[in-house]
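Residue numbers (my numbering), protein chains in the order written: chain E, 637 to 724; chain R, 61 to 318.
Don't take each hint at face value.
Claimed, not checked - Below, a list of computed lysine-lysine pairs in the DSBU-like style, where the Cα atoms sit at most 35 Å apart:
id : chain 1 : residue 1 : chain 2 : residue 2
1  : R       : 172       : E       : 678
2  : E       : 678       : R       : 163
3  : R       : 170       : R       : 122
4  : E       : 719       : R       : 168
5  : E       : 719       : R       : 170
6  : E       : 678       : R       : 240
7  : E       : 678       : R       : 114
8  : R       : 122       : E       : 719
9  : R       : 122       : E       : 678
10 : R       : 191       : E       : 719
11 : R       : 163       : E       : 719
12 : R       : 170       : E       : 678
13 : R       : 232       : E       : 678
14 : E       : 719       : R       : 114
If you are wondering where the hints come from, they were derived from the structure by calculation, not from laboratory data.
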Amino acid sequence: MSKREGLEGIELLGPLGAFLGPILFIAENIADQAEEALLDEKPIVHELTRLGADLDAGRIEENDFYEREAELLERLEWITQQKEARLR
Amino acid sequence: MEQSELTAPFYLYAIARDSADLPKLLEHSPVEGAGQPFLLSANGLVAVLSDNSKDRYPISRKNLMAHKNVVEQMIRLTPSLPVRFNTIAPSLELVRARLLTEKADELKNKIKSVEGRIELSIRATWLDEAKLLERILEEDSSIRALRDSLQNGAGHQERIRLGQMVENAILKRRDALGAKLEAYLKPLVEDLARGTLPEGVVANLSLLIPESQLEQVEEAIYTFDAENDLTVVRITGPLAPFTFSEMTIRWSDDEDES
Chain E
637 MSKREGLEGI ELLGPLGAFL GPILFIAENI ADQAEEALLD EKPIVHELTR
687 LGADLDAGRI EENDFYEREA ELLERLEWIT QQKEARLR
Chain R
61 MEQSELTAPF YLYAIARDSA DLPKLLEHSP VEGAGQPFLL SANGLVAVLS
111 DNSKDRYPIS RKNLMAHKNV VEQMIRLTPS LPVRFNTIAP SLELVRARLL
161 TEKADELKNK IKSVEGRIEL SIRATWLDEA KLLERILEED SSIRALRDSL
211 QNGAGHQERI RLGQMVENAI LKRRDALGAK LEAYLKPLVE DLARGTLPEG
261 VVANLSLLIP ESQLEQVEEA IYTFDAENDL TVVRITGPLA PFTFSEMTIR
311 WSDDEDES
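Build out the structure end to end from the sequences listed, making use of the hints.
Below you can see the structure in the form of structure tokens.
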């Protein structure tokens, strides 16, 4: 038996998961576009989840976690920028 | 703060129910370089905003945390709806007219639906893969038999077959454990969302629960944990109900209004 409380401030999947999650309310009706727009981001969220799990199980150190998380967020940022550029 | 002194554009963190005892400014740091988060009220609602925002913020831990911290401070003060990261409003007039006025009823209903609820994120992970493998060999005689026969030297095909059998056994066990955890939680939660399951992850759930159920949910997870020595369970939260109530807002007529 083993359990580890969330390390303070380590979990981004609240705001980030939602950032990629279901969209419940929209001022303008763009729900379909928004759903489609999430396809490319999902593998990165998958990787971020795996990274969090590796940290939970002690397979990586906290420093490595932050480093790899930053890389994944940069990829996410890059994808977002590409998409925004395409919309212009 | 006089609104005339504020500089557009405005970063929008959350929409919330107004009440007399809300502060004018929030304590948490704003997104980078923007003004201290303030409240704009209209029709019994408030928007939480920072002036002097950038046009967009790069996705980084620092920026996401700044957004999250402001939202979570707000949720402790009054029932609130998180707004999606990187929502920028060109003017206060637009926020007041298009959101707080035009969408007032919709927003109030949505606020009511998350009032008194919190989000917990639950992730179960295989703790020790060597031990998992050992357990699978112990419990599955056909895998054990194949493994033993391979020790006398065996072909490539058999090795692949053994690998697949082990993999299937792990997935089967993962699904059974995930179903068991959900069965413990289901009666206690109002809503449940399943997240992605990368290799090594047994269950990945977001739960929407009434605040009063927090202890029971934690109890259920401890029970699950006590019954399963192969997994480690991480509880994150209580969080703002980002997964269940976050709003995406687009301003269709930016140009006319800004």
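Comparing the hints with the structure gives:
no. : hint            : verdict
1   : 172/R <-> 678/E : holds, 30 Å
2   : 678/E <-> 163/R : holds, 30 Å
3   : 170/R <-> 122/R : holds, 29 Å
4   : 719/E <-> 168/R : holds, 32 Å
5   : 719/E <-> 170/R : holds, 30 Å
6   : 678/E <-> 240/R : holds, 26 Å
7   : 678/E <-> 114/R : holds, 26 Å
8   : 122/R <-> 719/E : holds, 22 Å
9   : 122/R <-> 678/E : holds, 21 Å
10  : 191/R <-> 719/E : violated, 44 Å
11  : 163/R <-> 719/E : holds, 28 Å
12  : 170/R <-> 678/E : holds, 26 Å
13  : 232/R <-> 678/E : holds, 24 Å
14  : 719/E <-> 114/R : holds, 19 Å
When the structure is compared with the earlier hints, a violation turns up for hint 10 alone.
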